[in-house]
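Engineer: Keeping their order, the protein sequence lines are chains A and B.
Each residue of the first sequence is one higher than the one before, counting from 1 in the working numbering.
Each residue of the second sequence is one higher than the one before, counting from 1 in the working numbering.
Bear in mind the hints are in silico, worked out from the structure with no lab data behind them.
Be aware that one or more of the hints could be misleading.
Stated by the list, open to error - Calculated pairs, EDC-like style, for lysine to aspartate or glutamate (alpha carbon to alpha carbon, straight line, at most 20 Å):
no.: 1; chain 1: B; residue 1: Lys125; chain 2: A; residue 2: Asp155
no.: 2; chain 1: B; residue 1: Lys126; chain 2: A; residue 2: Glu48
no.: 3; chain 1: A; residue 1: Lys91; chain 2: A; residue 2: Glu48
no.: 4; chain 1: A; residue 1: Lys284; chain 2: B; residue 2: Asp155
no.: 5; chain 1: B; residue 1: Lys202; chain 2: B; residue 2: Glu185
no.: 6; chain 1: B; residue 1: Lys170; chain 2: A; residue 2: Glu48
no.: 7; chain 1: B; residue 1: Lys162; chain 2: B; residue 2: Glu185
no.: 8; chain 1: B; residue 1: Lys169; chain 2: B; residue 2: Asp190
no.: 9; chain 1: B; residue 1: Lys202; chain 2: B; residue 2: Asp189
no.: 10; chain 1: B; residue 1: Lys172; chain 2: B; residue 2: Asp190
no.: 11; chain 1: B; residue 1: Lys130; chain 2: A; residue 2: Glu56
no.: 12; chain 1: B; residue 1: Lys202; chain 2: B; residue 2: Asp218
no.: 13; chain 1: A; residue 1: Lys282; chain 2: B; residue 2: Asp155
no.: 14; chain 1: B; residue 1: Lys125; chain 2: A; residue 2: Asp68
no.: 15; chain 1: B; residue 1: Lys126; chain 2: A; residue 2: Asp155
no.: 16; chain 1: B; residue 1: Lys41; chain 2: B; residue 2: Asp52
no.: 17; chain 1: B; residue 1: Lys170; chain 2: B; residue 2: Asp190
no.: 18; chain 1: B; residue 1: Lys130; chain 2: A; residue 2: Asp68
no.: 19; chain 1: A; residue 1: Lys29; chain 2: A; residue 2: Glu48
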Amino acid sequence: MDINTLLQGIIALLAILLLAPLFAGVINKQKAIFTGRIGAPVVQPYYELKRLLRKETINAGSSSFISDISPAVNLIAMVVAAAMLPVGFMKPLISFEGDIILFAYVLGLARFFQILAAMDIGSSFEGMGASREATFAVFAEPIFFFTIGSVAFADNLTSIYDIYHSIKLNNVTYIVFIVVCSISVLILAVTECSRMPIDDPNTHLELTMIHEVMILDNSGVDLFLYQYSSYVKLCIYAIVEASLFYPFAVQNSYVAVIIFLVVIAALATTLAVVETVTARFKLKFVPQYLLFATAIGVLNLLIYTFTK
Amino acid sequence: MKNYYPLLMLISTVGLAFVGGLAVACFTKINSIMFLGDERKEVKHFHVSVYDYLSLGIFALLCAGIGFYPQPFVRVINDVAGKSFMPGSSSPALLNINWFYISLIFLAIAAGFILIYLCKLGINKKYGRKISPAWGCGYERLNPRMQYTASSFADQLNTIAKTVLGYHKKIKPPAEIFPAKNRFESHADDFVDSKIILPLFKRIDTFISRLELLSYSDIRYYVAFILVVISIYSLIGFLWI
Numbered sequence: 001m002d003i004n005t006l007l008q009g010i011i012a013l014l015a016i017l018l019l020a021p022l023f024a025g026v027i028n029k030q031k032a033i034f035t036g037r038i039g040a041p042v043v044q045p046y047y048e049l050k051r052l053l054r055k056e057t058i059n060a061g062s063s064s065f066i067s068d069i070s071p072a073v074n075l076i077a078m079v080v081a082a083a084m085l086p087v088g089f090m091k092p093l094i095s096f097e098g099d100i101i102l103f104a105y106v107l108g109l110a111r112f113f114q115i116l117a118a119m120d121i122g123s124s125f126e127g128m129g130a131s132r133e134a135t136f137a138v139f140a141e142p143i144f145f146f147t148i149g150s151v152a153f154a155d156n157l158t159s160i161y162d163i164y165h166s167i168k169l170n171n172v173t174y175i176v177f178i179v180v181c182s183i184s185v186l187i188l189a190v191t192e193c194s195r196m197p198i199d200d201p202n203t204h205l206e207l208t209m210i211h212e213v214m215i216l217d218n219s220g221v222d223l224f225l226y227q228y229s230s231y232v233k234l235c236i237y238a239i240v241e242a243s244l245f246y247p248f249a250v251q252n253s254y255v256a257v258i259i260f261l262v263v264i265a266a267l268a269t270t271l272a273v274v275e276t277v278t279a280r281f282k283l284k285f286v287p288q289y290l291l292f293a294t295a296i297g298v299l300n301l302l303i304y305t306f307t308k
Numbered sequence: 001m002k003n004y005y006p007l008l009m010l011i012s013t014v015g016l017a018f019v020g021g022l023a024v025a026c027f028t029k030i031n032s033i034m035f036l037g038d039e040r041k042e043v044k045h046f047h048v049s050v051y052d053y054l055s056l057g058i059f060a061l062l063c064a065g066i067g068f069y070p071q072p073f074v075r076v077i078n079d080v081a082g083k084s085f086m087p088g089s090s091s092p093a094l095l096n097i098n099w100f101y102i103s104l105i106f107l108a109i110a111a112g113f114i115l116i117y118l119c120k121l122g123i124n125k126k127y128g129r130k131i132s133p134a135w136g137c138g139y140e141r142l143n144p145r146m147q148y149t150a151s152s153f154a155d156q157l158n159t160i161a162k163t164v165l166g167y168h169k170k171i172k173p174p175a176e177i178f179p180a181k182n183r184f185e186s187h188a189d190d191f192v193d194s195k196i197i198l199p200l201f202k203r204i205d206t207f208i209s210r211l212e213l214l215s216y217s218d219i220r221y222y223v224a225f226i227l228v229v230i231s232i233y234s235l236i237g238f239l240w241i
């Protein structure tokens with residue numbers, strides 16, 4: 001890896017880490033506008049993070065070292081996953097053959113510790129959230145491999161950067177294949193980031209939450225780390241989706257960055273619209289929703305394979 | 001002819017992802033119920049010998065070792081899969097992975113974790129940290145019996161797959177307004193066991209029980225049976241030659 005690529009990778013990673021809360025703020029602002037409210041400023045997530053950082057930390061009496069280490073494991077897992085993504089379609093900091101598997105399992109590591117930390121509290125509320133997270137993860141993980149994995153399969157590649165850079169728009173079947181993949185990725189992103197219609201990030205009713213209920217008994221710097229990790233995770237899935245638009249950005253790097261930012265902004269608007277016009281699904285319908293994404297992924301792959 | 005081997009590999013990977021998701025659910029359930037939260041009853045006599053820790057520690061170290069430096073183990077698995085199960089179809093993808101990166105990234109994760117944790121300790125020192133009871137949604141008298149159970153944790157997943165698992169619950173509906181002592185049971189039958197193996201053995205058992213008419217207390221009948229069987233075998237042997 002030459003020095004320019006290294007610097008490019010570091011800048012891209014810093015951009016994700018610095019701008020992740022802004023992305024969440026933009027979604028919230030648009031959602032407020034669509035529902036006829038002024039809403040909080042787009043930098044509100046930064047204020048909230050700053051406030052949390054200055055709060056006293058309160059831990060539940062029954063919590064063990066798992067609750068203590070889990071927020072830090074969550075954040076570092078997200079940072080490493082973010083370092084594997086081609087921000088602005090550029091070469092990421094971490095890129096090698098097989099990194100797609102590492103990417104999936106680094107995100108899995110964060111989820112694993114979050115479930116354990118939720119169960120560590122010993123409260124039924126966190127237990128319910130952990131149970132839901134574990135159940136939905138069973139259906140969500142295959143979606144990733146049936147979308148990004150099937151793009152990889154189409155060209156026999158295993159590096160995220162190479163996979164995205166192999167996307168071409170010279171074949172109608174392939175275009176349809178990529179469009180359906182992007183729909184599956186969007187469903188996955190909504191699920192993984194606990195957004196509507198799977199989960200409502202603004203709700204405060206313990207019985208209905210997934211992500212928020214798992215961190216219900218966290219405060220201060222622990223809550224800061226969880227919240228910041230969730231912003232980075234949202235940004236990660238937005239980049240996973242936006243990178244599918246690579247074929248429109250092959251001309252030069254400046255155009256690529258502009259197109260990338262436009263797609264990210266469009267995604268923020270899409271999420272805001274979806275969250276405005278849809279109600280939350282009943283929890284029993286969430287697995288069906290995820291199986292739908294898996295089914296279209298499987299069909300998409302089979303149709304592409306047999307018509308190639 | 002098209003080569004569908006990569007497609008097969010992708011479907012296998014997706015299957016593994018599904019199994020991986022189930023493994024996470026199972027491991028978090030077992031680990032959480034055994035080690036996390038508070039014990040329901042006070043455990044008075046509990047002793048684990050050094051040798052118990054040592055034997056489990058070896059497995060834990062092996063797991064960590066494979067995680068940090070997986071290359072030799074992946075090579076062995078790839079060779080076994082390539083030579084024994086799918087001769088000539090071994091994928092070079094696993095061997096092409098530069099496993100040094102994996103080791104480096106795991107070290108980076110460990111280093112990053114230590115850094116974030118130290119920062120967290122510093123912030124806690126500055127702004128304080130205290131212990132408090134868990135959030136009870138207004139109910140103040142939480143006790144260990146109210147903690148989430150393993151059955152509740154697995155309930156949603158079991159309900160989704162209830163047809164295959166034969167998952168069923170037994171609960172008596174409350175008869176009065178105020179809750180009284182009640183009982184709840186949930187079971188998941190083994191599909192293969194309850195629908196295939198046990199019915200099969202039951203039919204075999206029924207068939208064999210019909211042969212009971214051959215069971216006599218007089219030893220001479222048995223000698224006669226042996227002679228008949230030997231005669232049949234001899235006849236078969238004679239006709240075979």
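Engineer: Decide, hint by hint, whether the structure agrees.
Structural biologist: Checked hints:
Pair hint Lys125 of chain B plus Asp155 of chain A does not hold up; C-alpha atoms about 52 Å apart against a cutoff of 20 Å. Distance hint between Lys126 of chain B and Glu48 of chain A is fulfilled; the C-alpha atoms sit about 19 Å from each other, no more than 20 Å. The hinted pair formed by Lys91 of chain A and Glu48 of chain A fails the criterion: a straight-line CA distance of about 32 Å is larger than 20 Å. Only pairs whose Cα atoms come within 20 Å are accepted, and Lys284 of chain A paired with Asp155 of chain B is accepted, the gap being roughly 12 Å.
Simply put, Lys202 of chain B and Glu185 of chain B have alpha-carbon atoms about 27 Å apart, too far for the 20 Å limit, and the pair is violated. About 46 Å separates the Cα atoms of Lys170 of chain B and Glu48 of chain A, which puts this hinted pair outside 20 Å; it is violated. The suggested pairing of Lys162 of chain B with Glu185 of chain B holds, with an alpha-carbon distance near 15 Å, which does not exceed 20 Å. For the suggested pair Lys169 of chain B and Asp190 of chain B, the alpha carbons sit about 15 Å apart, so the restraint of at most 20 Å is met.
For the suggested pair Lys202 of chain B and Asp189 of chain B, the alpha carbons sit about 17 Å apart, so the restraint of at most 20 Å is met. Among the hinted pairs, Lys172 of chain B with Asp190 of chain B is inconsistent with the structure: their alpha-carbon atoms are about 24 Å apart, more than 20 Å. For a cut-off of 20 Å, the pair hint linking Lys130 of chain B to Glu56 of chain A stands: about 8 Å separates their Cα positions. For the hint pairing Lys202 of chain B with Asp218 of chain B, the CA-to-CA distance comes to about 29 Å; that exceeds 20 Å, so the pair is violated.
For the suggested pair Lys282 of chain A and Asp155 of chain B, the alpha carbons sit about 16 Å apart, so the restraint of at most 20 Å is met. Distance hint between Lys125 of chain B and Asp68 of chain A is fulfilled; the C-alpha atoms sit about 14 Å from each other, no more than 20 Å. Simply put, Lys126 of chain B and Asp155 of chain A have alpha-carbon atoms about 53 Å apart, too far for the 20 Å limit, and the pair is violated. Between the alpha carbons of Lys41 of chain B and Asp52 of chain B the distance comes to roughly 24 Å, so the proposed pair goes past 20 Å and is violated.
Taken as a hint, the Lys170 of chain B and Asp190 of chain B pair is honoured in the structure, with Cα atoms around 17 Å apart against an allowance of 20 Å. Between the alpha carbons of Lys130 of chain B and Asp68 of chain A the distance comes to roughly 13 Å, so the proposed pair stays at or under 20 Å and holds. This hinted pair checks out: Lys29 of chain A and Glu48 of chain A have alpha carbons roughly 15 Å apart, not beyond 20 Å.
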